[in-house]
Amino acid sequence: NAGVTQTPKFQVLKTGQSMTLQCAQDMNHNSMYWYRQDPGMGLRLIYYSASEGTTDKGEVPNGYNVSRLNKREFSLRLESAAPSQTSVYFCASRGGGLFQPQHFGDGTRLSIL
Amino acid sequence: AQKITQTQPGMFVQEKEAVTLDCTYDTSDPSYGLFWYKQPSSGEMIFLIYQGSYDQQNATEGRYSLNFQKARKSANLVISASQLGDSAMYFCAMREGTGYSTLTFGKGTMLLVSP
Numbered sequence: 001n002a003g004v005t006q007t008p009k010f011q012v013l014k015t016g017q018s019m020t021l022q023c024a025q026d027m028n029h030n031s032m033y034w035y036r037q038d039p040g041m042g043l044r045l046i047y048y049s050a051s052e053g054t055t056d057k058g059e060v061p062n063g064y065n066v067s068r069l070n071k072r073e074f075s076l077r078l079e080s081a082a083p084s085q086t087s088v089y090f091c092a093s094r095g096g097g098l099f100q101p102q103h104f105g106d107g108t109r110l111s112i113l
Numbered sequence: 114a115q116k117i118t119q120t121q122p123g124m125f126v127q128e129k130e131a132v133t134l135d136c137t138y139d140t141s142d143p144s145y146g147l148f149w150y151k152q153p154s155s156g157e158m159i160f161l162i163y164q165g166s167y168d169q170q171n172a173t174e175g176r177y178s179l180n181f182q183k184a185r186k187s188a189n190l191v192i193s194a195s196q197l198g199d200s201a202m203y204f205c206a207m208r209e210g211t212g213y214s215t216l217t218f219g220k221g222t223m224l225l226v227s228p
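Same order as they appear, the protein sequences are chains A and B. Residues in the first sequence are numbered consecutively from 1, following the numbering used here. Residues in the second sequence are numbered consecutively from 114, following the numbering used here.
One or more of the hints may lead you astray.
When the alpha-carbon atoms are kept at most 25 Å apart in a straight line, the in silico PhoX-like pairs for lysine-lysine are as follows [as the list claims (entries may be wrong)]:
1) Lys116/B x Lys220/B
2) Lys220/B x Lys186/B
3) Lys57/A x Lys183/B
4) Lys183/B x Lys116/B
5) Lys9/A x Lys220/B
6) Lys57/A x Lys220/B
For the record, the hints were derived by calculation from the structure and aren't laboratory data.
Next comes chain B alone, as it looks inside the complex (with noise of 0.2 Å):
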């Protein structure tokens, strides 16, 4: 079963917009941390958010915020006030917390940004 499921292959959103893109997990771990990386057309992997499974609050980084819902097992990535420069593909990874656990990714969004 996947353990990373993004159900959006593609997103488009107008420049200054917010959008959301998916991140849907699937684990019987109670720790685990969720992360959201970044793939620009160059190719390097950037690391943008982490939220940890017991972290009370929604991660933030400057304009990206996690919309963490435990119940629903959903880790959602928000982007506010989109730039041309958020153009490109867009990774959620999940790490269990039991032993020695990897980052299992899923299989991305590409996001367009227009003017």
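This is chain A alone, in the form it adopts within the complex (with noise of 0.2 Å):
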């Protein structure tokens, strides 16, 4: 059951770099989302894909990119990395009803200098 799919598990980066985050997912989901989690804000919705085709923005959009490649991957890239962005980036994907369950990648620990 591999469920949700996030590589890599672990990236240092410095200021400037660009890095694509992957996530796929083998459950035929149609929704997938990006979070990401800092110390004491809980999760922030980076972007979302409502389905295959769609992205949009969420709370926290500025200094990412995405890509819904097709139904299974859905991927996150930060072309300019700021030491701002230092964080870990959830990866989930929804499938079915509306009130459904998010289902989460484990995560990506991404460190900028």
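Quick one: dock chain against chain with the hints and give me the complex.
Dropping the structure here:
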């Protein structure tokens, strides 16, 4: 049972470098999400994709781009990393009815120096 | 305005006792869902329990139950017979039913279970 798989699990970048975080789900879910988690802030939504071919901004989209490559994959790109983007990033997916729970990947710990 | 409020940054409980984690929410949408997630120190987010706004009964899942008080807009998580493995961060979240709505999380409550 893979569920939601995120790669990499850890990454250290220098300011200004670019990076793509990968996410894939094998549950045939339509909706996928990217969150960031910072101490004391809970989870904040960066971008989401309600279905293949669509993406929308969440609460904190600045500095990020996303691609819904196909139904399974939803990637998050940092074009020019900044120290403020040091965080733990979670990908999630959801299928079925409106009130189905989101299923999360294990997270990516990203540090930007 | 915050949609989800968790007022307890940290809670302590002894093993085998019950504990209640508070969550209040704010919405004008008559249709919504409330979720609780657990995040242990290993970092993953684990779905625990769900309550729909139209559900007549409080949700239960094993040792977890949701004390849903609609008029007070509260959805407290009750963990019965706490275990050491329950030590974790707990997040309350809500999704509103109008249009395509996303999940809004509270800031979490850290629960520590002592022997």
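Hints, verified against the model:
| no. | hint | result |
| --- | --- | --- |
| 1 | Lys116/B x Lys220/B | holds (11 Å) |
| 2 | Lys220/B x Lys186/B | holds (17 Å) |
| 3 | Lys57/A x Lys183/B | violated (30 Å) |
| 4 | Lys183/B x Lys116/B | holds (15 Å) |
| 5 | Lys9/A x Lys220/B | holds (23 Å) |
| 6 | Lys57/A x Lys220/B | holds (21 Å) |
Checked against the numbered hints given earlier, this structure breaks only hint 3.
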